[in-house]
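I would like the entire structure built from these sequences, with the hints used as guidance.
Protein chains in written order, with this note's numbering: chain H, 1 to 240; chain F, 241 to 787.
Keep in mind the hints are simulated off the structure, nothing from the lab. Don't take each hint at face value.
Claimed, not checked - Chain F regions said to be covered by chain H (calculated; three or more residues, Cβ under 8 angstroms):
id	stretch
1	251-265
2	595-602
3	652-662
As the list claims (entries may be wrong) - Facing chain H, a subset of chain F residues (Cβ under 10 angstroms, in silico):
id	residue
4	L246
5	R416
6	I785
7	K786
Cβ atoms here follow ideal geometry from the backbone N, Cα and C, with glycine treated the same way.
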Amino acid sequence: MKVLEAVEVRKKFHRKEILHGIDITLEEGEIVGFVGPNGAGKSTFIKSVLGLYHLDGGSIRICDYDVKKDFEKALRNVGCIVENPDMYQNISGWKNLEICALMNGISHPKNLEVLVKLVHLEEAIHHKVKTYSLGMKQRLGLAQALLNHPKLLILDEPTNGLDPLGIKELREILKRINEEYKMTIFISSHILSEIENVCDRVILIQEGKIVENILVSDIKDKNISLEDEFLTKTLRQDGE
Amino acid sequence: MQLFRLIRCEFIKHFSWKKTVIIFLVLIVSCFGLMKMESFFGSNRSYTSPISIEEFDDAYQKANKALEEETNFVNVGVAEVFSRLEKPYRDTIQLLGNGSTESCWQQDALFSLSSALTRLVILEQVQAYRNDASFLEEVSSLPSENAHYELYYGTVASYTNQLKEAVSLSLTEFSRDFTYYHEYVDLVTKALEENAYYLYIEAVYQTNLYYATVFDTEINEDTLAIYQMIIDEKIMDDSNYRVVNAHQYLEEINREIEAPTLEEYHQSSNQASYENVKTYYRTLNEDFDAKEQILHYAIQHDLKHDLYYPSNYESLYSYQTAKNFMNQGLHLIVVVIFIVAITHAGITSREHDSGTVKLLLSKPVKRSKILLSKFLYLIIETFILWLIASLILFVLVGISYGFGELFTPKLLFIGGEVREIPYFLWYLGNMMVGMIPACFFLSLILFLSSITLSTALTASVTSILTLFSIMIWVLVSNFGFTFLKIFCYTPIPYLDYWMVAYHSEYYLESCMLTGLYEPFGLMISLIFILILYFLTVFIYTKRDIKN
Chain H
1 MKVLEAVEVR
11 KKFHRKEILH
21 GIDITLEEGE
31 IVGFVGPNGA
41 GKSTFIKSVL
51 GLYHLDGGSI
61 RICDYDVKKD
71 FEKALRNVGC
81 IVENPDMYQN
91 ISGWKNLEIC
101 ALMNGISHPK
111 NLEVLVKLVH
121 LEEAIHHKVK
131 TYSLGMKQRL
141 GLAQALLNHP
151 KLLILDEPTN
161 GLDPLGIKEL
171 REILKRINEE
181 YKMTIFISSH
191 ILSEIENVCD
201 RVILIQEGKI
211 VENILVSDIK
221 DKNISLEDEF
231 LTKTLRQDGE
Chain F
241 MQLFRLIRCE
251 FIKHFSWKKT
261 VIIFLVLIVS
271 CFGLMKMESF
281 FGSNRSYTSP
291 ISIEEFDDAY
301 QKANKALEEE
311 TNFVNVGVAE
321 VFSRLEKPYR
331 DTIQLLGNGS
341 TESCWQQDAL
351 FSLSSALTRL
361 VILEQVQAYR
371 NDASFLEEVS
381 SLPSENAHYE
391 LYYGTVASYT
401 NQLKEAVSLS
411 LTEFSRDFTY
421 YHEYVDLVTK
431 ALEENAYYLY
441 IEAVYQTNLY
451 YATVFDTEIN
461 EDTLAIYQMI
471 IDEKIMDDSN
481 YRVVNAHQYL
491 EEINREIEAP
501 TLEEYHQSSN
511 QASYENVKTY
521 YRTLNEDFDA
531 KEQILHYAIQ
541 HDLKHDLYYP
551 SNYESLYSYQ
561 TAKNFMNQGL
571 HLIVVVIFIV
581 AITHAGITSR
591 EHDSGTVKLL
601 LSKPVKRSKI
611 LLSKFLYLII
621 ETFILWLIAS
631 LILFVLVGIS
641 YGFGELFTPK
651 LLFIGGEVRE
661 IPYFLWYLGN
671 MMVGMIPACF
681 FLSLILFLSS
691 ITLSTALTAS
701 VTSILTLFSI
711 MIWVLVSNFG
721 FTFLKIFCYT
731 PIPYLDYWMV
741 AYHSEYYLES
751 CMLTGLYEPF
761 GLMISLIFIL
771 ILYFLTVFIY
781 TKRDIKN
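Following this line, the structure appears as structure tokens:
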């Protein structure tokens, strides 16, 4: 089943085209990396998927629901962390999760404690978010993204600010939820080594266009790193 | 259900104990301030005596001097009478001559006693010298405006004119006057010495009968019935609520103000149209009629009313009741909106500043629903704050003036008759109606916060407009800033709906200028709310959320 289907997605800002007809398809159960240089359009694409930006052309469907026409049904299947996970600072992590649960249509969330345990925030969950470290905020962000058991989990730079232990923990959580729940995970990141360790497939974007769409296994078969592949592709694009 | 969940989210986001305590303290201070203001503008019974004991002694000395000098017959006559009258009245004047009294009736009694004593002195003088030709000749030669020495508070010209008039009375008329004034002065003096209000009313009752006979006018049966009640029950004090009801009723009956004619209108510098002027007077007279009906009902059914009578404006007799004070709670909407403008100006803008807007708008909820939930949250929060402020006022008023009265019915003139409505039902009803113009300010907060994304701008504009809303009536009617009447076509002046709906003097004068009355305020508020809300939704849903 296609969890995400983006067709000919276009987006302009101040007459400058940022996305030039992006086509991306995500199948159920995949973990897909989304990489590209700064300003390539990664965040713009992700925000377009989430309805934060309005498209200038094309369409995006999530679990067969058009984001523009059936916004609520489409987003019901999505959990996300966009850029830094900004939560409500003056209330506790628990209350933040309550708010997210209510917005997802869950009046009496039963699995909050399970999620809190999953992201290792048992001790701090009732403290105000403004007392959290960046790593704790990232984990809380992940917990809120998983609240509604989404079919599609979108993570924009999830390892930002995490220490190596934190990165490792996140990797393990992502793999676990992918295996247990067959959740499709779409990760945008600069840390190519992590993308290589976690993802099944990588989409490379540059200057608003998809440059490459390759399986990680194919890269490994070639005995090259993702970083080399990335640099090769980007230099070739610049050269052209 | 989804909307309910979203509103619940807003409550979770915005609640904090620190903020709650601060708001609670602000509301308490506001309630205290309101009660203090109401006391200040309420009945003010500090009056000064019309004549001081020094003035009395001075007049007495002048009379004695005239007697010694034998300057003229008239003065001698006055001095002789004055010396006989001096003792009982000097005591009375001394009783009330120290500058203040708590009772309205004592002040009235002293005023009337001073002029009655003047008349009595004149009548006694005329009686003593009636058959003396030289006295009569002297009186007839007195020029009307010429000076004699001042006796009491009455003017000098009044004294000489009264003297000439008393001399010219027929024997029948003179006897009737003499008897009446003697009885009147004795009764009023006794009332003041015994501090008995009903004795004073007995004197007033006799006066009513006397003038009906002398001037052949009709006796007002309602008036006499009220006086009879006070006399029969020997009511000692005029502050009793039944007496106050009665006095206010007597002031209210047959009140009518005539609108100027077209010719008079054209001669005046009136800035209102003639139609507006006529409507203003008609509205005022309808108010008088309604108040009269309510007062009559209150007397018949032995109830306290809570009609607003600022004592220096309309009536010397008014009582500050628990309900009068509690009613002022309806003005608290201005304070509440001010608080909401300051504390919730960032209802949307702060979400953008902190970045939580991405979390919010990436959830499966349409932006229009999110905006609606924020708007409904503002409305509910405002109503709750207003209710809390009213409860605080209820406790303060109850402690100060007693809780009992707050559970008595409210008297309203509806559909041509007086009806008793449970007070709290009336109060809540007024709150709900008053929320309509308040919602304009809330929609303005939502609009500015969502479109400008500036918390500071939203707070400044809304709080300034809130203050302006209470100033505008004063500026238009008292300071003549009639160019401001353009704002009467917006919801801004109608925030304090209690003042608007119950025809305060400022409001009436402003309505004369604009021709617009309170239903207009509700209607224009609803229109502006809808326009602002849909404009907010339209612009915000089309926007790309960069942060």
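Each hint tested on the structure:
Against chain H, the stretch 251-265 of chain F contributes 3 residues with a C-beta closer than 8 angstroms to a partner C-beta. That satisfies the three-residue criterion, and the hint holds. Judged by the Cβ-Cβ criterion of 8 angstroms, the stretch 595-602 of chain F is covered by chain H as claimed, because 7 of its residues qualify and three suffice. Only residues whose C-beta sits within less than 8 angstroms of a C-beta in chain H count toward coverage, and the stretch 652-662 of chain F has 0 of them, not enough to reach three; the restraint is violated. Interface restraint check for L246/F: the shortest CB-CB distance to chain H comes to about 7 angstroms, inside 10 angstroms, so the restraint holds.
With a cut of 10 angstroms, the hint placing R416/F at the interface with chain H is violated, because the nearest CB-to-CB distance is about 86 angstroms. For the restraint placing I785/F at the interface with chain H, the shortest Cβ-Cβ distance is roughly 4 angstroms, inside the 10 angstroms limit, so the hint holds. The interface hint given for K786/F is met, as the beta carbon of that residue sits about 8 angstroms from the closest beta carbon of chain H, less than 10 angstroms.
Of the hints listed earlier, those the structure fails to meet are numbers 3, 5, in rising order.
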